[in-house]
Structure formats: structure tokens, C-alpha cells
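Here are the chains, one letter per residue:
There are 2 protein chains.
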Amino acid sequence: MRSVPVPLGERSYTIHVGNGLLAKLGDHCRRLKLGERCAVITDTNVGPKYADLVVRTLKMAGFVPNLITVPAGETAKSLKVAGECYDQLAIKRLERKSFVVALGGGVVGDIAGYVAATYLRGIPFVQVPTTLLAQVDSSVGGKVGVNLKAGKNLVGAFHQPRAVLCDLDTLASLPERELRAGLGEVIKYGIIKDAELFKRLEKEMDKVLGRDAATLMNVVARCCTLKADVVVADETESGERAILNFGHTIGHGLEAVSGYGEYLHGEAISIGQVAAARLSVRLAGLPEKDSERIRELFVRAGLPTTLKLPPKKRTALFDAMRVDKKVSGGELKFVLVKSIGEALWGQRVSDADINAVLNSIVV
Amino acid sequence: MRSVPVPLGERSYTIHVGNGLLAKLGDHCRRLKLGERCAVITDTNVGPKYADLVVRTLKMAGFVPNLITVPAGETAKSLKVAGECYDQLAIKRLERKSFVVALGGGVVGDIAGYVAATYLRGIPFVQVPTTLLAQVDSSVGGKVGVNLKAGKNLVGAFHQPRAVLCDLDTLASLPERELRAGLGEVIKYGIIKDAELFKRLEKEMDKVLGRDAATLMNVVARCCTLKADVVVADETESGERAILNFGHTIGHGLEAVSGYGEYLHGEAISIGQVAAARLSVRLAGLPEKDSERIRELFVRAGLPTTLKLPPKKRTALFDAMRVDKKVSGGELKFVLVKSIGEALWGQRVSDADINAVLNSIVV
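Same order as they appear, the protein sequences are chains A and B. The opening position of the first sequence corresponds to residue 29 in my numbering, with each subsequent residue numbered one higher. The opening position of the second sequence corresponds to residue 29 in my numbering, with each subsequent residue numbered one higher.
Some clues are possibly wrong.
Repeated chains share a single entry, so a pair holds when one copy, or any two copies, can fit it.
Stated by the list, open to error - Distance condition first, Cα-Cα at most 25 angstroms in a straight line; then the derived SDA-like pairs of lysine to any residue:
| hint | residue 1 | residue 2 |
| --- | --- | --- |
| 1 | 108 | 118 |
| 2 | 177 | 97 |
| 3 | 227 | 185 |
| 4 | 336 | 387 |
| 5 | 361 | 94 |
| 6 | 361 | 150 |
| 7 | 361 | 346 |
| 8 | 108 | 178 |
| 9 | 108 | 97 |
| 10 | 125 | 63 |
Hints listed in this document are in silico derivations from the structure and should not be mistaken for laboratory results.
Isolated chain A (complex conformation) (with noise of 0.2 angstroms):
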């Protein structure tokens, strides 16, 4: 097992990641001096795999853990499940010590995340993420939230997990489209922030695919570790944690005009990404030849850098854009890289730009 601080005074937590660490759940909890009653909040998926294996390991460390189930998918993120899954913390009578357990991925994590931040103005939670995607981003850093109807994660909070439990096991069972999906912010880290793992990547992609245990563990535990240093740099996004968005504005935008649902959100990054990567090219000195290799990587995991769009879909997705949180004085700010690992916020991109990028992968 290896172990991840995230130092935030504190707030500081740690993230574990390792195998069968889902059965040790309930001993992690009880370190942790958490209050008895708690919420295991899951969704249709992966409830049933992994719920009763929870429920009981918490049970058995003294806990009163109380199942709640909400809908798989993005769509899940709305105000509506989120009121209720409140209505079911106040009829099991959940007071401010209790916690929740998002136990799932990014979207169980969003939304039993953003729960724990609102109900009784805030209560402990503990992130169990059960994919790739969960495991090397939404669980850590703390942002939580629910979509609106005019874009992703437009109503959230900053509210920090008090542990994060990464357990490989579950990647095993992980369908194909959702491994490849949190590749999408695998390569991410590499790209902007440690050349190191890109080339890694692009050496071991057949190992990752194959899901190589030895192989995902370095891979998870490294990127918790990129991501948990931007975090403490950065906590609530004032600068530097918005490197992390680097291929989200577009990605963000692609989800909200195709509905959410429709792609996946590694993959709505990934075409995301290989957009930012060409505005880099234009505007920030990238050399083509690395976009081409940000490119292929995406390609060699199996992630979709292209994109159908008709043409007058296109106004929809500027507008998806602009009322996207990464919008200052009505300008989009892009993060473009230098060079892969070494990333640029806060960037102003013309709308000419954008759309002579988006030309260029839509087909």
C-alpha cells in the first residue's frame, strides 16, 4: 500500500492506495474518531458489487451505516438527487459528527461530496473511489458539486474528504470504456505537470490496459501525488489549481451541448485536451510535434480526439463555454503548455483561435 499526505493544516487527510483495502474500511473510519451514525452514498453500478462488503466492514467497526443508492451516471448530479439523498440523512436522523461514504465514482463522489458539504452546513466524508478516474482526480482536492442545466459543476463547494481510499481491486472489474475514460486524466498529469509519467505512458500504455497491478499502482499513486501538491499549493483555485483544467473548458463545454451522458468525462477531456494541446501550439510555443505525441497517447488509449459537431451546434458550445467557472470579465481563459509538464493558466484565447482548432478535429 503506499500512502499520499494531502497536508491542509487542518484539513489535512491521506489517500491510500493499494488492494483490498475496500474490507478495511471501517477500521480506516475509526481512526478517523468519526461519529456512529453514517451514509454510504453509491449508485446503481456499484452498489451492487461492492455495498454489502462496506456496509459490513463499517458495521462490524461500530458504525450505523444507513445504504443510499442514486441513479449511475452523470445525470445524478443534479440538485434533485441531492435533496434527496438530504431527505434521507434527516430521517436517519444524521447529526454534524456523522459522515458519508462516497463510495463510487466521480459522479457518486460530485454529489455524496457535495451532501456532505451542505448538510448541517458541512459534515465528514470519506471518498471510497471505485474507478481510475475517481481515484487519480475527483477524489482528491475536494471539489464537489452538482450540474445545472447550463453546465457541469456550476453549484459545489470546496470540502475536503478525511480520507481518501484508492483500492485497486475494483479497477479489475472496471469496463473497458471506463478505464480508458480516466486514462483521459492520467495523461492530463502528464502533460502538464510531469513529463516523466507522459513518457512512462507512452512506454507502459499495453501495461495499463492490460491492467498490470504493479503497473496501476505506481501510475494511481503518482498522480494522487501531482494532484495533492497542486491542491496544498492551491486549495480553492485561486491560480495554480487551474492547471488542472487544462482541456476542461472545451471538454466541459462538449459534455453540456451533447448532453450530459452522452460522453464519458475522460472523454470529453480527451478531445478537450487535444484541442488545448493545438491552441499551445499557436499561442504558447508548443512544439507540434508534442501535441502530435499528446495526440497519439489519447489514440493509443482508446479515447476519442475527434468530433462530430454540426455547424449550428457550434454557437451552443461557445455558450457552454462561456458560463463555465474558468470565465473572467466575459473572456475564456484556456490553460495551454509551454511544453508537456510544464503548463500556463489564466490564458486569454480568441474565439478565432478556438474555432480554427475546433475545425481542425472536427470531422
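Use these hints to put chain B onto chain A, whose structure you have.
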């Protein structure tokens, strides 16, 4: 004008108490260096009176205000209304530096503050309370939230305003019942923290009810100072801040079982404080005569001190109290007073004691 500082590090702000402040809102916001776009959230009672003036002063100061009007009354503190506000903010393209102005009473402050706390994971907001209750209590300290069917303020956040403007002119047209309800919180400050204020209120209640300008200035500024002291000592209510909940456990329970809207908040907590004073006689050594002084002061303020509660509703009241936030380990925790001006928080109280006290106020 009086200025009351609330020193909370990077979340510090100033409460301004005085006359003619609404017209100066634009200047105040400019000094805070807030973004251009903003939303003025008000309700159907307050909007017709003051929204024009507020929108004008903001425009004159160079801002682009959007008016959002929510229904008047406690029922507006719902996830549904919050959702409608979010949609408006997204449509009007409010950004992270944009801000929300809460123009109205406690309900508007709570819902507008909650929307500001959660939209884009938190944007700035300015409180412009127009009722006595909001000026002395809910606008200060950053507690924001909405109600669930199961109880009041069960969903919320801690989100400090960037400034509070208490324009005493708005009290002149306040309906009599609302003024009296505000006195429910004013008297509370005397009971829990300021015996001098309590005595002054005993002497000057007629002047207060007559809306004497100098008296109101003194009382509002004093209450804001007391509240600020408590909030600074314990921003997120891990300890002392709980004393502000004196009378609120039973009060919130009453509001829940009677359906939000029958009692004004200040009325419900008036009954709750009379009950809490009697619990204090039984359990905390409060002299019987001081409990009686407390009851009399609420009577002089024209507030209810007895309760019509059908016997079969009493179970519902206990249930409602138990889902309140002030519960730990399943046990109800009360704020009691040893003497007028000296409160104890986190006091365990048995159901038997609560029942005995309820028997004494139910008519």
C-alpha cells in the same frame, strides 16, 4: 453611522449601521473591488420598496445588476427556489468575481447567501438586511442555508458576507409584527451575553417599540457587536457560538411542526426562550425571578410566550427537535443560562424536563 468590524482574517468585513445606507451601496461595493456583474436577490415584499434604489446605486457605481425576486416568507428558503436562483445566475453569466446582494429580511439573506456560497463553489455576497431580525442576527456571521421538510436550515454553509449594510431607515416602514419578531433576537443577546443590554431593554422597551432613532441605532449596533464577538471567537460553531441558539431548539421544532410560516422566527424563539429559561431554572440555577423577568420582557415586546399544541403533536415536536442540528449522540443539547448574561452550551436535557417545561407553557 457606526461601524462594527468582524475580524476573521482574510474573511474579515465590516457591519455598517446607520441611516440612508441603501443609497450608498454602490460606493461600498466599489470599495470592495467586486466584479462588474451582480445579482440583487430580494423578495416580493421588499423588492417593490427598495429594489429600484438599490439597482440605481449599483448602476451608478458602474455595476451591472440583475434583479431576482423570490416569494416572500420562510417557504422561499427551499432547494427549489435556490435552484431557480442558480439558473438565473447562469443565464446572466455571473462569474467567480461577480457578487450577490441580499436585499431583505432573514429569509432573503439565508437563501441569497446560500446561493452565493454554492454557485461556482462560492462567490462574494453583500448583506443588506431590511428587518430588525436580519440586522441584529442573521446577516452577521456567515450562516446561510435553506430548509428541508424535516427541519429548518438543515442544508447550508458558512459563507461570510463581504460587508453588511444595516440601513435603519428600512425599519421605519417595517410592519409592527416584524419589528416585534426582531426583538426576539435582541432580547436573546441580553439573556445570553449582556445583562446591561437586558436592563436597558427593560427600561427602554417603549422607545424601541416607538422606533426612536437613537435607541434603535444603539440597540442594533450593540447586538451586531455582540454577535460579531461570538462569531470571531468560534466561526464555525464548534463551541461558544452555540450560545446564539438559546431558545432555538424548541423554537425550530415549533416552526417545523406548525409548518413554516405560521410563526415568524422571532415569535417561535420567543416561546423557545421562555421554555429554555424555565429549563435553566430547573437545571442551571437560574433564579426563578430572572426567568420571570425574561418572560415579562418578551410579553412587553408583544411576543408570544405560550403555545397551543395539541397533545398528539408533541411527539412530532420532539421528532422535529431531534433532526435539528444541535443533536449529538442522539441526545438533545440545549443552551441554558446560569444568570441573565451568562450562558452555558451543550447542556444535556432529558425528555422529562422538556415535557415538564412544555406543560407549563402549553395553554
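ask   = What hints, given by number in increasing order, does this structure fail?
value = 3
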